[in-house]
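A.B. asks: Between the sequences and the hints, there should be enough to build the whole structure, so can you do that?
Next come the chains, spelled out residue by residue.
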Amino acid sequence: MTARIPVVATTPAHRVAVAGLPERAVPSGRAAGAIVMVDGAGAWWDVAGEAIRDGARAVLVTEPDSTPPAPIARLRTGTGTPVLVHRGRLRRDLVDDALSARGGTAPRVTVAECRADRQRQPAVVRDAIGWVRELVGSPVGIAATEGGPSSRRAVTALLSTDGRVTGTLSAIRTPGADDLLRVRGLGETTTEIELDGTLDRIELSTASVGGRLVAPTRFESGERVALRRALDAIAEGSSTSDLADLLHDSEAAAEVLSSRDSIIFS
Amino acid sequence: MVWGVGVIGAGPGASALHLPTLDRLAERFSVVHVSDSGSGRAASLASRIGAAASVGTSALLADPAVEVVAICSPPDQHAAQVRAAVGAGVRAILCEKPLATTASDAAEIVETCMDAGIPLVVATNHLYDPAWARAKRHLVSRQSSIRAVSASVALPPNGRFHAAVTELLDAGGTRRGGAPDLADPDVAASVVRQLVLGLAIHDLPAIRDLAPEFERVDFAAPLPPIGYAVGFRSGGISILLTAVMLPDGPDPLWRLTVDTDDDRLDVEFPPAFVHAGSADIRVRLGEGRTTTYRRDRADGYLAEWLALADLLDGAATTEYHELLDDALFAIALADAAAEAVRSGAST
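Chains as they are written, first to last, in the UniProt record's numbering: chain B, 1 to 266; chain R, 1 to 347.
Hints in this document: simulated from the structure, not taken from any laboratory.
Quantities reported herein were computed from a predicted structural model and do not represent experimental measurements.
Be careful, since some hints might not be right.
Stated by the list, open to error - According to the in silico footprint, chain R covers these stretches of chain B (three or more CB under 8 angstroms from chain R):
#1 84-93
#2 111-125
#3 201-213
Unchecked claim - Sample of chain R residues lacking proximity to chain B, with all beta carbon distances greater than 12 angstroms (derived):
#4 ASP105
#5 SER238
#6 PRO247
Just so you know, even glycine gets a beta-carbon here, dropped at the ideal spot from N, CA and C.
C.D. replies: As structure tokens, then:
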């Protein structure tokens, strides 16, 4: 057995993830030298910063809710401690499955559709943009949004990559609780990912002229996947772009949801 | 009664779409005459089925066996051919979409048909798809406010779908030309206008059913290699159109999604040309259930011709104002989208 890495778990799901990796991880109560799993609810950036100051080897933020730019930027640049982010709607294993099935080709056009209530909408739109970013392999810009006071219930946007229009996005704000994200990357190879938080269903499919492949179900919990990734990052001494990606996606989502000015773009 | 049909146009829209459709309705229609604009395809098509053939429209419209005219020519010829058909005294007209490419033409030919009492069907097959009526009934029964409608389209070349229903005389008719220069604002605007009137038009009458008052285009852009992204508002509802025509790829995606406060309804239309039954309807209900409606064996192509048969039989009446409003809605959107592309590109 290789040396197990101590992990500070703060939620029941965290503790289950640690327990599910008994050969590589061991529960710990001290941040120093440990992976600190931080619950993304509340001011997680403060908790993460404190863990880094206490000597954590890595920080894993799960399901970040709020994403204030300044504190996140400080976390990105403040230390050399890796900060990983787990987003359940943008699980790394699912993203890897999607990209692998595409065989390295970017879609011609993306179509992202979101349904969520007021509370969840920023995170759902953020994660939809994250999927688009992953599929196109580049940062995503907001070329235009639909304006008007009646757009509070439904917002549409034109997405761009490298200054070129590459997709569309719609975000429906539902009066009742809801959490649905569907992203399609259309092209010679087409990807469709549907994550239905309300019905607790995920389906990833890839289609080409040869047919349609539905990805096998991922039965591993998202937190366990994320913890394995953190353990790998420590073992390999590698870093991730998770925080930068989170910031990018959050800012793009905020632009979509806050803008009410009509812009015509070509 | 079997009505004699004269088909104006001999491209894939005739040979792979309307002729195979009419083969399935032999108890109601028989193709008696096919005309082209000089390609020679009409003679070949007609010889297969024992029909007459001609060049231009005069001989077809003068043929006493022609009672019903199907206009399957390029869109910019539709208005003149409708006028000519009315002038020739045909019993009924089925015109491929769009009915016309300008508002003045649309208004004039609808009025002409109405004044002459000639039944008219515009071949907006998605509107006639039996699944669409079912979808509308669902939406009405749920009484939930519609917030957005999105039409997503990704189309590979048509060849494989032509091959599913016929043997084309000349595969060249399905070939797509070189990519237009979308960096040129005028070219891009023209492409988007043509695509709205030629491709998005499939869904626009259905969208107008839900969101009848066109307000404005919020954004519009061409998409390479050929496609568009258009966001607009109609009847207070956000509408998003995204389409791309691909050089290759999986089976077509043609999905109309309606979001209400409570539900999401997906209508997946079958590929063009084929006869694979109605669209699929899947509904995700707000209370946490999903429903899939049974597909109907009939498709929109069959249904539009049967609608014309009903008009000929006197079992239904032509809703001329609806046809005109559908046409004006599409033309207003196409013009506004083109202008948005042109002005956006120029800045």
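A.B. asks: Taking the hints in turn, state whether each one holds.
C.D. replies: Quick rundown of the hints versus the structure:
1. Evaluation of the coverage hint for the stretch 84-93 of chain B: breached, as 0 residues show C-beta separations to chain R shorter than 8 angstroms, against a requirement of three.
2. Given as covered by chain R, the stretch 111-125 of chain B passes the check, having 3 residues with a CB less than 8 angstroms from a CB of that chain where 3 are the minimum.
3. Note: the stretch 201-213 of chain B has 5 residues with beta-carbon separation from chain R under 8 angstroms; the three-residue rule is met and the coverage holds.
4. The claim that ASP105 of chain R is not at the interface with chain B holds, since no C-beta of that chain comes within 12 angstroms of its own (minimum 27 angstroms).
5. A Cβ of chain B approaches the Cβ of SER238 of chain R within 12 angstroms, the least distance being about 4 angstroms, so the stated non-interface status is violated.
6. Once the 12 angstroms rule is applied to beta carbons, PRO247 of chain R is inconsistent with being away from chain B; the minimum gap is 7 angstroms.
Figure legend: structure checked against the earlier numbered hints; hints not met, in rising order: 1, 5, 6.
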